[in-house]
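Please construct the entire structure, taking both the sequences and the accompanying hints into account.
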Amino acid sequence: MMERLIYADKVEKYYGAKGNMTKALNRVEFEIGKGEFTGIMGASGSGKSTLLNVLSTIDNVTAGHIYFESTDITALKEEQLAEFRKEKLGFVFQDFNLLDTLTIEENITLAITLQSKQKQKADRRAEEVMKQLGIYEIRSKFPYEVSGGQKQRCACARAVVNHPMIIMADEPTGALDSKAAQILLDTFVTLNEEMDSTILMVTHDVFSASYCKRILFLKDGEIFHELIRGGKGRRDFLNQILDVLSLTGGGVTNA
Amino acid sequence: MLNILTLRNVKRSARDYLIYLVTMTIIGALMFAFHGMIFSTDMRAIYGEFAAFAALIGMASFFIMFIVIWLVHYMVNFMLEKRSREFGTYLLLGMEKKQITRIFRRENMILGVVSMLLGLLPGFIFQKIFINMFYAILDVDYRMSLEFSPWGVLITFGVLVLAYLLALVRVKRKFKKMHIRDFIYMDKQNEQIVHEKGTWKKIFVFIAIAYIIFFNILVFTSGMTLYSVWGFIIGLIAAIYLLYVGLSSFFVNYIKKKNKVIYKDANLFVLRQLASKIKTMRFTMGTLTILFATALLSWTVVMMAADYQKTELDNQIPFDVAAFSDKPDASFEEQIQVTRENANLSDFHRYNIYENGTDPINQFLYSHVDGTWKNEVFKDGKMGSSTYFGYDTYMGLTDYNRIRSMLGLEEAVLESEQYILHGKEKIDDLLEEISNTIPIRVGIHTLDLRTINMEPLMQNRINGADYMIVVPDELLPYLTPYYSVMVGVLKGEVPPDLQEKLRGTLHFLDESINEELYAIEVGEGSSQVLSVSDNVMVADNLRIEGSFVIVSLCFMLAYLGIVFLCAALTIMTVQQLSDASKYRFRYEILKQLGMNKRETEKVVLKQLAVYYLCPYIISIILSIFIGMFASERFVYFTGIKAANFQYYILALLVFSVVYAAYFIVSYVGFIRNLESK
Numbered sequence: 001m002m003e004r005l006i007y008a009d010k011v012e013k014y015y016g017a018k019g020n021m022t023k024a025l026n027r028v029e030f031e032i033g034k035g036e037f038t039g040i041m042g043a044s045g046s047g048k049s050t051l052l053n054v055l056s057t058i059d060n061v062t063a064g065h066i067y068f069e070s071t072d073i074t075a076l077k078e079e080q081l082a083e084f085r086k087e088k089l090g091f092v093f094q095d096f097n098l099l100d101t102l103t104i105e106e107n108i109t110l111a112i113t114l115q116s117k118q119k120q121k122a123d124r125r126a127e128e129v130m131k132q133l134g135i136y137e138i139r140s141k142f143p144y145e146v147s148g149g150q151k152q153r154c155a156c157a158r159a160v161v162n163h164p165m166i167i168m169a170d171e172p173t174g175a176l177d178s179k180a181a182q183i184l185l186d187t188f189v190t191l192n193e194e195m196d197s198t199i200l201m202v203t204h205d206v207f208s209a210s211y212c213k214r215i216l217f218l219k220d221g222e223i224f225h226e227l228i229r230g231g232k233g234r235r236d237f238l239n240q241i242l243d244v245l246s247l248t249g250g251g252v253t254n255a
Numbered sequence: 001m002l003n004i005l006t007l008r009n010v011k012r013s014a015r016d017y018l019i020y021l022v023t024m025t026i027i028g029a030l031m032f033a034f035h036g037m038i039f040s041t042d043m044r045a046i047y048g049e050f051a052a053f054a055a056l057i058g059m060a061s062f063f064i065m066f067i068v069i070w071l072v073h074y075m076v077n078f079m080l081e082k083r084s085r086e087f088g089t090y091l092l093l094g095m096e097k098k099q100i101t102r103i104f105r106r107e108n109m110i111l112g113v114v115s116m117l118l119g120l121l122p123g124f125i126f127q128k129i130f131i132n133m134f135y136a137i138l139d140v141d142y143r144m145s146l147e148f149s150p151w152g153v154l155i156t157f158g159v160l161v162l163a164y165l166l167a168l169v170r171v172k173r174k175f176k177k178m179h180i181r182d183f184i185y186m187d188k189q190n191e192q193i194v195h196e197k198g199t200w201k202k203i204f205v206f207i208a209i210a211y212i213i214f215f216n217i218l219v220f221t222s223g224m225t226l227y228s229v230w231g232f233i234i235g236l237i238a239a240i241y242l243l244y245v246g247l248s249s250f251f252v253n254y255i256k257k258k259n260k261v262i263y264k265d266a267n268l269f270v271l272r273q274l275a276s277k278i279k280t281m282r283f284t285m286g287t288l289t290i291l292f293a294t295a296l297l298s299w300t301v302v303m304m305a306a307d308y309q310k311t312e313l314d315n316q317i318p319f320d321v322a323a324f325s326d327k328p329d330a331s332f333e334e335q336i337q338v339t340r341e342n343a344n345l346s347d348f349h350r351y352n353i354y355e356n357g358t359d360p361i362n363q364f365l366y367s368h369v370d371g372t373w374k375n376e377v378f379k380d381g382k383m384g385s386s387t388y389f390g391y392d393t394y395m396g397l398t399d400y401n402r403i404r405s406m407l408g409l410e411e412a413v414l415e416s417e418q419y420i421l422h423g424k425e426k427i428d429d430l431l432e433e434i435s436n437t438i439p440i441r442v443g444i445h446t447l448d449l450r451t452i453n454m455e456p457l458m459q460n461r462i463n464g465a466d467y468m469i470v471v472p473d474e475l476l477p478y479l480t481p482y483y484s485v486m487v488g489v490l491k492g493e494v495p496p497d498l499q500e501k502l503r504g505t506l507h508f509l510d511e512s513i514n515e516e517l518y519a520i521e522v523g524e525g526s527s528q529v530l531s532v533s534d535n536v537m538v539a540d541n542l543r544i545e546g547s548f549v550i551v552s553l554c555f556m557l558a559y560l561g562i563v564f565l566c567a568a569l570t571i572m573t574v575q576q577l578s579d580a581s582k583y584r585f586r587y588e589i590l591k592q593l594g595m596n597k598r599e600t601e602k603v604v605l606k607q608l609a610v611y612y613l614c615p616y617i618i619s620i621i622l623s624i625f626i627g628m629f630a631s632e633r634f635v636y637f638t639g640i641k642a643a644n645f646q647y648y649i650l651a652l653l654v655f656s657v658v659y660a661a662y663f664i665v666s667y668v669g670f671i672r673n674l675e676s677k
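Those sequence lines, one after another, are chains D and C. Counting in the numbering used here, the first sequence runs from 1 upward without gaps. Counting in the numbering used here, the second sequence runs from 1 upward without gaps.
Among the hints, erroneous ones may be present.
[Unchecked claim] Straight-line distance between alpha carbons at most 30 Å, and here's what the computed BS3-like set of lysine-lysine pairs gives:
1. D:K86 with C:K82
2. D:K121 with D:K88
3. C:K177 with D:K88
4. C:K11 with D:K86
5. D:K88 with C:K82
Read the hints as simulated data drawn from the structure, not as lab findings. Quick caveat, the model's predicted, so the values are computed rather than measured.
As structure tokens, then:
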């Protein structure tokens, strides 16, 4: 059994005031083990982005606890959270969130230097990651000069460069064409399998989800299903996902 | 690394908010110019009492500091909003808020310093031009010098840095209060577009317009008292805000009525854009309108004042040089000698003013003229000056004709037992009344009025205070010499410090109580708006001294006005330019609907034109009536023959040029933002 990395303990998140309350997350409980590549799927409004936001400390929970190893992040103060994000988390967003005033290389270096590593080490580490992700050739270009896929790989490089505990990806393929999406997902697999990164990816795209090893399905703020790929091939897994979705699409509510 | 980031961000901000940088450069340049003038020896050479100019500019700079704080504060918040996602990314990367605050502050400071440095050279050139203008207005020759004052630069830096620091003070708190989620989703929240729902608010437009008309009628019919006017002005300000509150509904209502105008071109689109823009910007636009109107009006008033000054000064100081002594037997030898040493005294006349031990005319004037005062200062048998002399003042016909001839006035004639009443034009009806009601007796003779003369004759103590009774010479033995006077004609150039040198020969000032004391009760006359009353007067020096203050005031108000205008227009322009990139998709849709490039540009032009014209036209309507009224009254009171509109038009012209410049920048930038990817 894999070592437990994250434990979400009856997490609740409400929006709005009394009388007009929206339950975005309703007593969500699950675990993520070290080295897992987990996907979260659900229709829009199902709470999947909210879940990622509370897990990644971008948003706070209304009730419940989230443990990273033994640390309860819902109890951390703001400054501790900043420290936590810096050391333990890597982010990949749908719209990249690269700094447009910095080059590809500088975007990655900045993430390293914020952890105050020495310059030479930082340069070497950045070079290493860029080579791994195939963006070394474009390192001195600015984000607006490269393609979406390259931008997203730069974001990935920035996310993994500090050896985070986990990489959080929010619809990472959302703004990419299918070819670039495939390359990115292969990158994720490489990161996961060869570099032992733990990845948590929110997506509503079945093709992207089929790259995961395990998928949590969210509906109306609750986890209603879980799929584990096990030894299956990607194509079989994809079909399995489609089955689950077709069930929720029409079936569940009518049943 | 963070330094690189900071510098790159500065570069980007400079590009994105070029208009802001340019405005700050202009403001910096103006400040350099004016502060440089304070320390300029060329400026000091014009006029000894230089402090007035320095004080006025200092005051202006104080206000400008607040304008700069306002502008920087606005821009900082604006950037904070636009760049929230970027700051969110910093936070995600693990930067601390303290670090981000520092970067952001540093960026803004660098931007400020860059604009200051860019302003140095233009500021230096402005300074030379302004000094030249100053000399030209005061009619003094000026030789251009390349003098440069480091003090002016230092003060400007000091004021601007202080303004930036104050404007940035709250940034830290802002960052502290914000949660990472707000940063990342802030730009999404702002996508909500406010639409005016109900149209009942359109009634405000009519109420506001009705009030503005009412106000103007009151102005024209002089229906306001000095106290009620403030209430009416507060009402006017409220009406302007109300107008903008209503305007959005007004446009929406107009659209809903389906007037045929909205079916022409893209008018529907333009009106909708405008309605929502006004709704979100109404408070800012209301404030801009009020301040535009104020700036326009104050310029008009100052230009009028300058003109009044010029004419009035010539009236008040007809003699090139004049001196007063409280002793009846003063020879003025010392004054004549000093004058001769410094200038060419081609002619002079010394004479006495007489009294007959009574004061019925002065009593009459004290009770009939507004704003007179009686000095209560007595010390060692001496006293301070009042509005009128202790006794009524008389003069002999020969002396009278002698000084008249100096001014090129025709000779006056008197038969025995006649007198001439010579007084100021401003109290002409009182002079009439005096001649009718107060009998003039000299010795045993009661005199008849020959005529009333009102040519300007220095009647602020030199030739009496406000008036003078001229009697035939043969009656002078019945009168007592009261005090002595000397007037003279100067040829050629007059040194700027002659007045000061002459003053140095007189010893009226009691330093222990800082008041000039005289052996007799001296009268200064009742001129109030502009009064030149002194014991020695050198016309040339006084003209410059008087004009100097007014010209300084002109410069100061123009300085304030332009800085304000630029700051306000920058905010309007930056708003538009950011909209251009934010709502680019709207214009994309227009294109998809079949509009070509030229038609799109026309829509943009129309939209910007209405947006910019709103505060422009409203402020003109507001100020034009008041300005016209003031001009008309001014011409009426002063008799200065100038076209009514002249002052207003001139102010409006300056205003319009600056306005147009920002409009063009806004339009060009807008189109460029739409086209850029």
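Given the proposed pairing of K177 (chain C) with K88 (chain D), does the C-alpha separation stay at or below 30 Å?
-> OK: K177 (chain C) and K88 (chain D) at ~24 Å, within 30 Å.
Satisfaction of hint between K86 (chain D) and K11 (chain C), Cα-Cα up to 30 Å = This hinted pair holds, its Cα atoms lying about 27 Å apart.
Hey, K86 (chain D) versus K82 (chain C), does the alpha-carbon distance stay inside 30 Å?
-> Answer holds: K86 (chain D) to K82 (chain C) is near 24 Å, not above 30 Å.
For the pair we were handed, K121 (chain D) and K88 (chain D), check the Cα-Cα distance against 30 Å.
-> 19 Å, holds
Are K88 (chain D) and K82 (chain C) close enough, with their CA atoms no more than 30 Å apart?
-> OK: K88 (chain D) and K82 (chain C) at ~28 Å, within 30 Å.
Checked against the numbered hints given earlier, the structure satisfies every one of them.
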